[in-house]
Amino acid sequence: MSTRTIVRRALLAACGAAALTAMTALPATAQEVYKIGLVSPLSGANARYGAFANKGANLAAKEINAAGGVQGRKLEFVSGDSQCVPAEGVSATKRMISFDKLPIIIGDICSSVTLAMQPLAEEAGVLLVNAASSNPMITYKAGVGGFKWTFRNYPTDEGRAAIVLEHAVKNRGLKTFAVLSVDSDYGRGAINFTKKYLPRYPDAKILSEDYYKDSETDFRPVLSKIRNSGAQAILMYGQADTTPIVARQMLEMGLAGKVVLVGNGEFNTAKTIAAAPSVLNGSIEAAAWLPEWTSARSQKFVDDYKKAYGGEMPNNHAYTHWETTHLVAAAIKAAASLKPEDVRNALAKIKYDSAMGPVTFDDHHQAVLPMVLLEVADGKPVIRSAIAVKVDYPK
Amino acid sequence: MGSFILEQIVNGVITGSMYALVAAGMTMIFGVLRAINFAHGEYYMLGTFGAWLVISKLDAPYAVSIVAGVAIAALIAALIGRLVMQRLVGAPFQAGVLATIGVSLILQNAVILAFGGGYKVFEGGWIEPVQIGSFGMAQQRIVLVVTALAVFAGLEWMVRKTRMGKAIRAVSQNIECCHVNGIDVESVVRRTFLLGTALAALSGVLTAPVNVSVYGGMGESITLKTFAVIVMGGMGNVRGTLIAGILLGVVEALVSGLIGLQYRDSVGFVALLLMLMFRPHGLFTQKARF
Chain A
61 MSTRTIVRRA LLAACGAAAL TAMTALPATA QEVYKIGLVS PLSGANARYG
111 AFANKGANLA AKEINAAGGV QGRKLEFVSG DSQCVPAEGV SATKRMISFD
161 KLPIIIGDIC SSVTLAMQPL AEEAGVLLVN AASSNPMITY KAGVGGFKWT
211 FRNYPTDEGR AAIVLEHAVK NRGLKTFAVL SVDSDYGRGA INFTKKYLPR
261 YPDAKILSED YYKDSETDFR PVLSKIRNSG AQAILMYGQA DTTPIVARQM
311 LEMGLAGKVV LVGNGEFNTA KTIAAAPSVL NGSIEAAAWL PEWTSARSQK
361 FVDDYKKAYG GEMPNNHAYT HWETTHLVAA AIKAAASLKP EDVRNALAKI
411 KYDSAMGPVT FDDHHQAVLP MVLLEVADGK PVIRSAIAVK VDYPK
Chain B
6 MGSFILEQIV NGVITGSMYA LVAAGMTMIF GVLRAINFAH GEYYMLGTFG
56 AWLVISKLDA PYAVSIVAGV AIAALIAALI GRLVMQRLVG APFQAGVLAT
106 IGVSLILQNA VILAFGGGYK VFEGGWIEPV QIGSFGMAQQ RIVLVVTALA
156 VFAGLEWMVR KTRMGKAIRA VSQNIECCHV NGIDVESVVR RTFLLGTALA
206 ALSGVLTAPV NVSVYGGMGE SITLKTFAVI VMGGMGNVRG TLIAGILLGV
256 VEALVSGLIG LQYRDSVGFV ALLLMLMFRP HGLFTQKARF
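As you go down the protein sequences, you meet chains A and B in turn. The opening position of the first sequence corresponds to residue 61 in the numbering used here, with each subsequent residue numbered one higher. The opening position of the second sequence corresponds to residue 6 in the numbering used here, with each subsequent residue numbered one higher.
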């Protein structure tokens, strides 16, 4: 154990002791509070996302409490830091389960942490609702897959791949694809999922498959190959920082307007579009949520969030944690009970109207929920539609 | 198929010219110091960052940024040459490894500290495509190849005809004799180092417009590829480096075009392994120079 960890643990212990004194000093109000946990990275490289998640969740708690709370009690969050490290997420979850005795935990953002939290929640009979991890394994292993106490209200990498493919083939009429994705679990995984759903569209086919290392800068050889193959689109699940490089090299090779980018990799940000506007026109990308989404509920969330946090624009994680907190409150209301068993059963049957559209859970406790489809038109991102797909689980 | 292979060869020659420019400096530094400069890719990065800085902060035109980028990198190299590199003359090879890895870490992290770890987009450069036969490429790439050829012609002339070049050759052959003959070894080392790193910086600035992204760690992968090039070219052999660089570029382009992009980086390492096993003295000489 490093000195820093020791100091941090000591500080935590001191804080815990202080919190205990505070709790015993105020027994009257503590009675009326219903505490639930929120595990997210609050330090380290992903701390920014954890901060967004906490702000979103706390805003939802404030709104729920203003409307009378849950079963007449005030909803309050206990926040834990996972640092996006499984071991840290596990110890934060254990504290919440055995020390704070929380019935419900929302978390984590990082998939590796969520996967480590699942068995703990299962063993303790604590409801784990995930609002931001995209690894498909989390719900492969949930519901009829095993973990009865895990739910996920977030689209998976698999769902994303299926939605993007459906839009590209059905709505845009693209038929021939060349793969150019990052050589990682994420990039290769997304392509494997795309291939899994490809047989749904008999005309569509993949002509070539290439994966790039994260420091790759020279795409000309593979772009020559793609141009010669006659592919209409490049399936790219890649790094945001590589997209401008590929786009610029497509421009110089005269591929602008002939081959479009389809997948995920920040095709829609101003920085990427500026690198090669004519190449990015027509590119297709799916997002769980974005501030520009036009539904009244979504717009109201953006306004309220900005008002509450000094004009800061909410990100995807702020939205999903805000919406998931409301979802949990709706399940409590439907169950008319605060007991985790009742809330779990209500959640499995819920039909919830989110800002993105209707949300239901399949038998793996995976939310069937729409994603936004974005295309670039005339150098600007345009929202095309939102579609949902059902995941085919391995038999 | 024929035109596809031709196109991949052209792609490879372009990338290979960049490798050769970086490797030329490294091989010259090895020649006079007998030390591998593990920080070599960092000067490539510094040149690119210098150019990015004057373009994004001062709105300078690209042509000016080439000069500025190389000058900024050379300034830093002059400092490091005096503080670190000249002390490596006659030092055991471990000292060179540790010192240059240390310099590499310091330079990378200093840049990240100063400008943040995020990727920056390099604006500017001559990126208008020109059509050559059936395939297009940015003007920048032609500039890169022509510059590389000109630089190698210049280096060849310098090494054979000028006083500085003769001194470099003398130092790389026998340091004791240089001392006896009154050649200032440390000054030769400093100047070679400055020239070598300036070439890496030049290569960085010239490729930035087509490689687009600028970030602190960008030099690392360049350093690794450069190892393969200098071993193939024969350590310290400038002319061999040009051919080896282009050869590596062409084979990489063919592998990524015909087999798959994911196998590209293995080309350099396989070449390095084969060379060390069968021809450790390089492709172009029968006898080991060192």
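These aren't lab readings, by the way, just hints derived from the structure by calculation. Every value quoted in this text rests on a predicted model; they were computed, and no experiment measured them. Where hints are given, some of them may not hold.
[Stated by the list, open to error] Simulated crosslink set (DSSO-like; lysine-lysine; CA at most 30 Å straight-line):
#1 K265(A) to K255(A)
#2 K166(B) to K440(A)
#3 K273(A) to K256(A)
#4 K331(A) to K125(B)
#5 K115(A) to K367(A)
#6 K440(A) to K95(A)
#7 K393(A) to K409(A)
#8 K256(A) to K409(A)
#9 K125(B) to K318(A)
#10 K331(A) to K62(B)
#11 K115(A) to K125(B)
#12 K366(A) to K125(B)
#13 K393(A) to K201(A)
#14 K208(A) to K235(A)
#15 K440(A) to K230(A)
#16 K125(B) to K273(A)
#17 K95(A) to K115(A)
#18 K255(A) to K201(A)
#19 K440(A) to K366(A)
#20 K440(A) to K171(B)
[Unchecked claim] To give a feel for the contact side, a few chain B residues facing chain A, derived at Cβ under 7 Å:
#21 L11
#22 P134
#23 S261
#24 G262
#25 H286
#26 T290
Backbone N, C-alpha and C fix where the C-beta goes; we use that ideal spot for every residue, glycine too.
Comparing the hints with the structure gives:
For the suggested pair K265(A) and K255(A), the alpha carbons sit about 9 Å apart, so the restraint of at most 30 Å is met. Distance restraint check for K166(B) and K440(A): the Cα-Cα separation of roughly 58 Å exceeds the 30 Å cut-off, and the hinted pair is therefore not satisfied. Between the alpha carbons of K273(A) and K256(A) the distance comes to roughly 24 Å, so the proposed pair stays at or under 30 Å and holds. Proximity of K331(A) to K125(B) is assessed by CA-CA distance (about 9 Å); at most 30 Å being required, the pair is judged to hold.
Between K115(A) and K367(A) the CA atoms are separated by roughly 12 Å; this keeps the pair inside 30 Å, and the hint holds. Taken as a hint, the K440(A) and K95(A) pair is broken in the structure, with Cα atoms around 43 Å apart against an allowance of 30 Å. A C-alpha spacing of about 13 Å is found between K393(A) and K409(A), which places the hinted pair at or below 30 Å, so the restraint holds. Between K256(A) and K409(A), the direct Cα distance comes to roughly 28 Å. Compliance with the 30 Å bound is thereby established for this hinted pair.
Between K125(B) and K318(A), the direct Cα distance comes to roughly 27 Å. Compliance with the 30 Å bound is thereby established for this hinted pair. A hinted pair counts as satisfied when its Cα atoms are at most 30 Å apart, and K331(A) with K62(B) qualifies at roughly 17 Å. The straight-line distance between the Cα atoms of K115(A) and K125(B) is roughly 29 Å, inside the 30 Å bound, and the hint therefore holds. For the given pair, K366(A) sits about 28 Å from K125(B) by alpha-carbon distance, which is consistent with the 30 Å threshold.
The suggested pairing of K393(A) with K201(A) holds, with an alpha-carbon distance near 27 Å, which does not exceed 30 Å. About 40 Å separates the Cα atoms of K208(A) and K235(A), which puts this hinted pair outside 30 Å; it is violated. This hinted pair checks out: K440(A) and K230(A) have alpha carbons roughly 23 Å apart, not beyond 30 Å. With a CA separation close to 19 Å, the supplied pair K125(B) and K273(A) stays within the 30 Å bound.
Under the criterion of a C-alpha separation no larger than 30 Å, the hint pairing K95(A) with K115(A) is consistent with the structure, at around 16 Å. For the hint pairing K255(A) with K201(A), the CA-to-CA distance comes to about 22 Å; that is within 30 Å, so the pair holds. Restraint check: the Cα-Cα separation between K440(A) and K366(A) comes to about 23 Å, which is no more than 30 Å; the hinted pair holds. For the proposed pair K440(A) and K171(B), the alpha carbon gap of about 59 Å is over 30 Å, so the pair is violated.
Nearest Cβ of chain A to the Cβ of L11(B): about 10 Å, over the 7 Å cut. The hint is violated. This hint holds: P134(B) has a C-beta 5 Å from the nearest C-beta of chain A, less than the 7 Å allowed. Of the supplied interface hints, the one on S261(B) holds, with its beta-carbon coming within about 4 Å of a beta-carbon of chain A, less than 7 Å. About 4 Å separates the beta-carbon of G262(B) from the nearest beta-carbon of chain A, less than 7 Å, and the hint is met.
Nearest Cβ of chain A to the Cβ of H286(B): about 29 Å, over the 7 Å cut. The hint is violated. This hint is violated: T290(B) has a C-beta 29 Å from the nearest C-beta of chain A, more than the 7 Å allowed.
In this structure, the hints that do not hold are numbers 2, 6, 14, 20, 21, 25, 26, in rising order.
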